[in-house]
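S.K.: The sequence shown lines up with residues 1 to 399 when you count with the UniProt record's numbering.
Derived from the structure by calculation, the hints contain no laboratory data. C-beta: ideal position from N, C-alpha, C; glycine also. It cannot be assumed that every hint is accurate.
Unchecked claim - Subject to a maximum C-alpha distance of 30 angstroms in a straight line, what follows is the list of computed DSS-like cross-link-like pairs (lysine-lysine):
| no. | residue 1 | residue 2 |
| --- | --- | --- |
| 1 | Lys329 | Lys239 |
| 2 | Lys40 | Lys136 |
| 3 | Lys49 | Lys136 |
| 4 | Lys46 | Lys136 |
| 5 | Lys327 | Lys239 |
| 6 | Lys314 | Lys329 |
| 7 | Lys136 | Lys239 |
| 8 | Lys293 | Lys49 |
| 9 | Lys293 | Lys239 |
| 10 | Lys327 | Lys314 |
Unchecked claim - Computed spacing ranges between beta-carbons, pair by pair:
| no. | residue 1 | residue 2 | range |
| --- | --- | --- | --- |
| 11 | Ser192 | Met77 | 56 to 64 angstroms |
| 12 | Asn246 | Gly165 | 14 to 22 angstroms |
| 13 | Ser94 | Ser262 | 43 to 51 angstroms |
| 14 | Ile260 | Pro191 | 20 to 28 angstroms |
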Amino acid sequence: MEQLAAWDRARHARLFDGSVGGVVSFSLQGSAGVYLAPIKLGFPPKEFKVLIDTGSEVLWVKSNACANCPRYNRLGMPLNFFESAASSTAGSLSCSNQFCAAVARTAATHCVSHQCSYTIQYADGSGTSGLYMTDKFYLSSISPDSMVASSSALVVFGVSTYQSGALVDTYNEFDGIFGFGRGIVYTPLVPSQRHCNLYLQSIVVNGQMLPIDPVVFVTSTHHGTIVDSGTNMVYITEKAYDPLVNAVTSVVSHSATPRIHSGRQCYLIGSSVSHIFPLVSFSFVGGASLVIKPQEYLIVSDEGIGMWCLGFLKNNGQTILGELILKDKIFVYDMDNGRVGWVDYNCSLVTNISLSNKDFASPSQSNLSSSYRDLSLELWPPAIAALLCTCWVLLIVSY
Numbered sequence: 001m002e003q004l005a006a007w008d009r010a011r012h013a014r015l016f017d018g019s020v021g022g023v024v025s026f027s028l029q030g031s032a033g034v035y036l037a038p039i040k041l042g043f044p045p046k047e048f049k050v051l052i053d054t055g056s057e058v059l060w061v062k063s064n065a066c067a068n069c070p071r072y073n074r075l076g077m078p079l080n081f082f083e084s085a086a087s088s089t090a091g092s093l094s095c096s097n098q099f100c101a102a103v104a105r106t107a108a109t110h111c112v113s114h115q116c117s118y119t120i121q122y123a124d125g126s127g128t129s130g131l132y133m134t135d136k137f138y139l140s141s142i143s144p145d146s147m148v149a150s151s152s153a154l155v156v157f158g159v160s161t162y163q164s165g166a167l168v169d170t171y172n173e174f175d176g177i178f179g180f181g182r183g184i185v186y187t188p189l190v191p192s193q194r195h196c197n198l199y200l201q202s203i204v205v206n207g208q209m210l211p212i213d214p215v216v217f218v219t220s221t222h223h224g225t226i227v228d229s230g231t232n233m234v235y236i237t238e239k240a241y242d243p244l245v246n247a248v249t250s251v252v253s254h255s256a257t258p259r260i261h262s263g264r265q266c267y268l269i270g271s272s273v274s275h276i277f278p279l280v281s282f283s284f285v286g287g288a289s290l291v292i293k294p295q296e297y298l299i300v301s302d303e304g305i306g307m308w309c310l311g312f313l314k315n316n317g318q319t320i321l322g323e324l325i326l327k328d329k330i331f332v333y334d335m336d337n338g339r340v341g342w343v344d345y346n347c348s349l350v351t352n353i354s355l356s357n358k359d360f361a362s363p364s365q366s367n368l369s370s371s372y373r374d375l376s377l378e379l380w381p382p383a384i385a386a387l388l389c390t391c392w393v394l395l396i397v398s399y
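Could you build the full structure based on these sequences and the hints that come with them?
M.R.: Here you go:
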């Protein structure tokens, strides 16, 4: 860790010197930001009420094998659980299945007894894990002439066997979550800057915004927020550093022992960091959030087994988001439209980039679509796209 910081100090000294075939219809229930949709899975069909979530990308329902999942809601009404044995069309998803590799882009995917499994963490600190399965999904589609027709399709979805955080609260009225995440998010670049400066607004730990005056992130001669893939660590401006470290320490206080090692904030722990440490989010103008998982901002200490140190270091001026938290993401530097975008991606997968001569869409129209093995980008004709082998940055520049 000391060596990485030394490299960063040396660097900073130099540096700062598809087509739509129909519309699927869902009836929504609820209000006040919580919307539920009834869906049907399996044969015979069984109805589930799922929470519509545009911030995640996986559909999952609770498994009858989930030991810690609530069985009843706050009114004492039973919740619904998926039972694979009760559906004649249910099937498991093997780790060799093509989809298993594809979903690794959006959720931590692994294998349990040769079955494709997942672990998902949400911004509020809650999480769920389970197995992917296939079964019939029933939907009502609206044709171009406004006719409604019922149909079914074989889909892949998650069957959760474990939940944590707010998901185990009995006030929840839903049987699962339907993720409609849009993938890549964009935030504007600060104009007329030598470096890749962004408008950072706040930092969120475990779903709670930290009490930091946004003025500390405003770009000026010696302040601002920079994305720099050549910097190893993450440097937090002085007035934001202490609130960030204190918030993380508070969350893990019952499961980890804080230690200061070589001036760094470290922790002695005896279990998985992903189960103890919170998500950290950097929130930018335009609604874009860079969500960082514990395994992305923690570094194993060389002083002993079980000691992990934060990859956040205090800086007198600028906040610099370095390579430590940029891994396993694709970054798009769109200089024509003055913005930067990113999306989580499993960089162990093979990625092909295809370029089109079509006009590059405006920020509100542009998109990054992905198939099992391909990412397609429509670029302005005089542009260069380069995907670095470490897979965390996609560069778009104009002549």
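S.K.: If a hint holds in the structure, say so; if it doesn't, say that too.
M.R.: Results of checking the hints against the structure:
no., hint, result
1, Lys329 x Lys239, "28 angstroms, holds"
2, Lys40 x Lys136, "8 angstroms, holds"
3, Lys49 x Lys136, "16 angstroms, holds"
4, Lys46 x Lys136, "10 angstroms, holds"
5, Lys327 x Lys239, "26 angstroms, holds"
6, Lys314 x Lys329, "24 angstroms, holds"
7, Lys136 x Lys239, "53 angstroms, violated"
8, Lys293 x Lys49, "29 angstroms, holds"
9, Lys293 x Lys239, "23 angstroms, holds"
10, Lys327 x Lys314, "21 angstroms, holds"
11, Ser192 x Met77: 56 to 64 angstroms, "58 angstroms, holds"
12, Asn246 x Gly165: 14 to 22 angstroms, "21 angstroms, holds"
13, Ser94 x Ser262: 43 to 51 angstroms, "46 angstroms, holds"
14, Ile260 x Pro191: 20 to 28 angstroms, "40 angstroms, violated"
The structure is inconsistent with the numbered hints 7, 14, although it conforms to all the rest.
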